[in-house]
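Number of protein chains: 2
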Amino acid sequence: MEIVIYIYHGMTMLDAIGPYEILRNLKDVNIKFVASKKGEITADSQFVHLNAKYEIDEIQKADILLIPGSTVGFIREMSDTKVLNWIKKINKTTSKTVTVCTGSLILSATGLLRGKKATSHWKPIEMLSRFGAIPTRERIVEDGKFITSAGVSAGIDMALYLASKLKGEKEAKAAQLVIEYDPHPMFQSGNILTAEADIIELSEMMLMNDAKKDFSILETYKNNAGD
Amino acid sequence: MEIVIYIYHGMTMLDAIGPYEILRNLKDVNIKFVASKKGEITADSQFVHLNAKYEIDEIQKADILLIPGSTVGFIREMSDTKVLNWIKKINKTTSKTVTVCTGSLILSATGLLRGKKATSHWKPIEMLSRFGAIPTRERIVEDGKFITSAGVSAGIDMALYLASKLKGEKEAKAAQLVIEYDPHPMFQSGNILTAEADIIELSEMMLMNDAKKDFSILETYKNNAGD
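Just so you know, the protein sequences line up as chains L and F, in that order.
The opening residue of the first sequence carries number 0 in numbering that gives the first Met the number 0; numbering runs sequentially from there.
The opening residue of the second sequence carries number 0 in numbering that gives the first Met the number 0; numbering runs sequentially from there.
For the record, the hints were derived by calculation from the structure and aren't laboratory data.
Possibly wrong hints are sitting among the right ones.
No distinction is drawn between identical chains; accordingly, a pair holds when it is met within one copy or between any pair of copies.
Below are the PhoX-like pairs computed for lysine-lysine, each with C-alpha atoms no more than 20 Å apart in a straight line [as the list claims (entries may be wrong)]:
#1 K212 to K52
#2 K52 to K37
#3 K169 to K122
#4 K212 to K26
#5 K166 to K36
#6 K37 to K211
#7 K211 to K26
#8 K87 to K122
#9 K212 to K31
#10 K52 to K164
#11 K88 to K211
Isolated chain L, as found in the complex (with noise of 0.2 Å):
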């Protein structure tokens, strides 16, 4: 089974390496990361680079396409054409369909989720009625063969779903207890719903930093902003 993997500049790592961990210990598994170019992919907080081994010029099928989100960098992948042809014609090849965070956005951009329930992070969740998604504030949300997840780290919770539709429960609870995925954090702050007000507020400055980081993609938002 071949899972594929769309990575870019200003991706969030999370969203990629949190499914990636539980989906590459399934029997049969191959994942590629795939580029625009193969090299260096630079994280959205510049701290972290990954090597794309794989462009997507050499990849015309996968059984499942990944696409990650990013804090701010989707908003380019959103207008970059061969990104979203290509998306779509893997899509053509896949049994499932599945995104991350703001990678709903970037497949909404290609039109395959209109009329379709999606989820998103919680901030830019709105934008995918622009592409005729029907915005839907679930963990992970499943419409057809798509299946969507929240923020970040719902990618994680998203993967083990998937799992036990691929290969059964038994072998996605194995791949469970291999990375130990008994989760237990100290604070419950990570639900938009029920955040405090001074905590979302913060965050909010947290995610900024990020679109400060790269101007070149503010300038993309403004420039499609009016449209």
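With the hints as your guide, set chain F onto chain L.
Just chain F, lined up with the frame of chain L:
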């Protein structure tokens, strides 16, 4: 604040990327991914590759040192004198030295955990006693300046705790909200103490798959097993 994450061939990516994704959102934090030599680092799965921009000879100090684990790669690291000496040197400068998964075994091989409680991945945790540490089956264990955490995904919980110690509860909670860390795994199979026997057996087979990918590590283990 300088956070140094030591990376090495065969590492488990989520061990590093999980904590990083919490810590990177804190104010005035710089994170360096540091390897023995600059360049490409390949994960245990061999599916994904990080690019190290720093090497250990360039790093003389850190506020926080984080050592991720690996399925079998830690065995090689535990006998790499240059790496162990560097960890000891950096540890003299840190306020906290922290590990995820079998990163605690690497740290134990320096002798720094002698007489201290520590945790690790459920499979090799008893190896901690070989270097005088006290194996303690908990998700997060703090003893003096050392914080160790259980397998792979436990690093996210540890980082949230560390964030609250470093920057206070409010910043930690905001970082939690940025990554929507409101975990809802569909199965409760991530704890070795409650997992079913057939799930444990299957997850042990999954762990063995990484070992098979790197016979040289198994050789190292065989050569050291008698001591």
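Results of checking the hints against the structure:
Proximity of K212 and K52 under a CA criterion of 20 Å is satisfied inter-copy only: 18 Å between copies versus 26 Å inside one chain copy. Taking the shortest alpha-carbon separations for K52 and K37, both the intra-copy value of 6 Å and the inter-copy value of 18 Å come in at or below 20 Å. Taking identical chains as interchangeable, the C-alpha atoms of K169 and K122 lie at most 20 Å apart only when they sit on different chains, with a minimum of 19 Å there against 35 Å within one chain. Taking the shortest Cα distances, K212 and K26 sit within 20 Å of each other only across copies (14 Å), while inside one copy they are farther apart (40 Å).
Taking CA atoms no more than 20 Å apart as the test, K166 paired with K36 passes in neither setting, with 31 Å inside one copy and 38 Å between copies. With identical chains, the CA atoms of K37 and K211 are never at most 20 Å apart, being 26 Å at best within one copy and 28 Å at best between copies. Proximity of K211 to K26 under the C-alpha cut-off of 20 Å is restricted to the inter-copy arrangement: shortest distance 14 Å between copies versus 42 Å within a copy. When the C-alpha separation of K87 and K122 is checked against a cutoff of 20 Å, the pair qualifies neither within a copy, at 26 Å, nor between copies, at 42 Å.
Taking the shortest Cα distances, K212 and K31 sit within 20 Å of each other only across copies (17 Å), while inside one copy they are farther apart (28 Å). Taking identical chains as interchangeable, the C-alpha atoms of K52 and K164 are never at most 20 Å apart, the minima being 28 Å within one chain and 39 Å between chains. Taking identical chains as interchangeable, the C-alpha atoms of K88 and K211 are never at most 20 Å apart, the minima being 33 Å within one chain and 35 Å between chains.
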